[in-house]
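Undergrad: As a plain string of letters, each chain reads:
Number of protein chains: 2
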Amino acid sequence: MSQGPPARGSTTTRPSFQHRQEVLDTRALGASTRIADPGTGRTPTAPLAPYPGTDTPPALVEGVVVHHSPIIEDPRGNLASLELGRGLPFAPARLFVVFGVPSKQVRGSHAHRVCRQLLVCLSGSVACIVDDGRHRQEFLLDGPELALEVPPMVWAVQHEYTADARLLVLASHPYDADDYIRSYDEFLSARRAWEQRRA
Amino acid sequence: MSQGPPARGSTTTRPSFQHRQEVLDTRALGASTRIADPGTGRTPTAPLAPYPGTDTPPALVEGVVVHHSPIIEDPRGNLASLELGRGLPFAPARLFVVFGVPSKQVRGSHAHRVCRQLLVCLSGSVACIVDDGRHRQEFLLDGPELALEVPPMVWAVQHEYTADARLLVLASHPYDADDYIRSYDEFLSARRAWEQRRA
Chain F
1 MSQGPPARGS TTTRPSFQHR QEVLDTRALG ASTRIADPGT GRTPTAPLAP YPGTDTPPAL
61 VEGVVVHHSP IIEDPRGNLA SLELGRGLPF APARLFVVFG VPSKQVRGSH AHRVCRQLLV
121 CLSGSVACIV DDGRHRQEFL LDGPELALEV PPMVWAVQHE YTADARLLVL ASHPYDADDY
181 IRSYDEFLSA RRAWEQRRA
Chain V
1 MSQGPPARGS TTTRPSFQHR QEVLDTRALG ASTRIADPGT GRTPTAPLAP YPGTDTPPAL
61 VEGVVVHHSP IIEDPRGNLA SLELGRGLPF APARLFVVFG VPSKQVRGSH AHRVCRQLLV
121 CLSGSVACIV DDGRHRQEFL LDGPELALEV PPMVWAVQHE YTADARLLVL ASHPYDADDY
181 IRSYDEFLSA RRAWEQRRA
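Chains as they are written, first to last, in the numbering used here: chain F, 1 to 199; chain V, 1 to 199.
Take the hints with a grain of salt, since some may be wrong.
Short derived list, chain V residues pointing at chain F, Cβ under 8 Å [stated by the list, open to error]:
#	residue
1	66
2	77
3	78
4	100
5	194
Treat the hints as calculated values from the structure; they're not laboratory data.
Note that beta-carbon positions come from the ideal geometry of N, C-alpha and C, so glycine has one too.
Starting from the given sequences, assemble the full structure and let the hints guide the process.
TA: Following this line, the structure appears as structure tokens:
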């Protein structure tokens, strides 16, 4: 399977990128009950809106990175590519594909203690919320040229899957049930302790 | 994004697996002109046929492995997973996604000297030919639970992409134009030399 030299085809960048964001109450880490769990599917404060220009929106949530690889177009077919150091931030130890998700379903709704993940929606679209307890952002992943890097200790939710959505998730670590934090309140406590250790 | 413990959902295995195979003239490595380049799209000797039972067909081409991960079905969506040591045979240094390939197009038609690849068709289907100069096999990749491992020094061709096909390719090495062998005759010579060094 040929990635092919980039010079062979032309590249395109997407005209816009849908996202929305929200600055959380900065007392959140000390008053977790003020923040609704995004996993409950509460109404967002703003609609998803195009980010101006061809850039990806800046990630306000700590450690989150939106990687954008131009698509290489070729009459023989198109190609989106991620390489270590260029969009692929770690060598995956595990990957999984999520598909056939009913549109009303919400997935994720947890944080990882250690595992780092990269989300790429290869078909259809899915909205991804990330939240570090201070900022919350939502990104619409709707093409293989977009990859959302979610570091450990960030709460993540995926919802609004289209019927044809195929979400590829690359994980830095093998599966470990103990790596999951599944309660938002527990996440805020663990995040606070983690930030204090780091300070 | 949760892989989720396997116990949470039920698993399914596919009822059949389409493939065809061909034993090449064993003098091929010494008489390369006797073998047509599969990249030219010549008519296969046999139609793709279901392999009986739920097993994957044995790979006759040296080093090729068909990995089959059961799908974990869940009312919240389905999941196919590969983990190092369980279907993911190496930590990828690069991945790319091929899509929008016209149905008549043939891609691949080369071997790698060093790079190992894993092909997973996440949407639609694509037929993949592998050839070590002694055997040639073709596998229909038509679901995220199937992964075709192609080792270095094996000729590979992909064709018969459906319009909705999204082929994920994981590569063990970064992109290197010098790693490609793009002529079938050159491949047979290199393969012969490689086998002799190994003997």
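Undergrad: If a hint holds in the structure, say so; if it does not, say that too.
TA: Quick rundown of the hints versus the structure:
| no. | hint | result |
| --- | --- | --- |
| 1 | 66 | violated (16 Å) |
| 2 | 77 | holds (3 Å) |
| 3 | 78 | holds (4 Å) |
| 4 | 100 | holds (4 Å) |
| 5 | 194 | violated (20 Å) |
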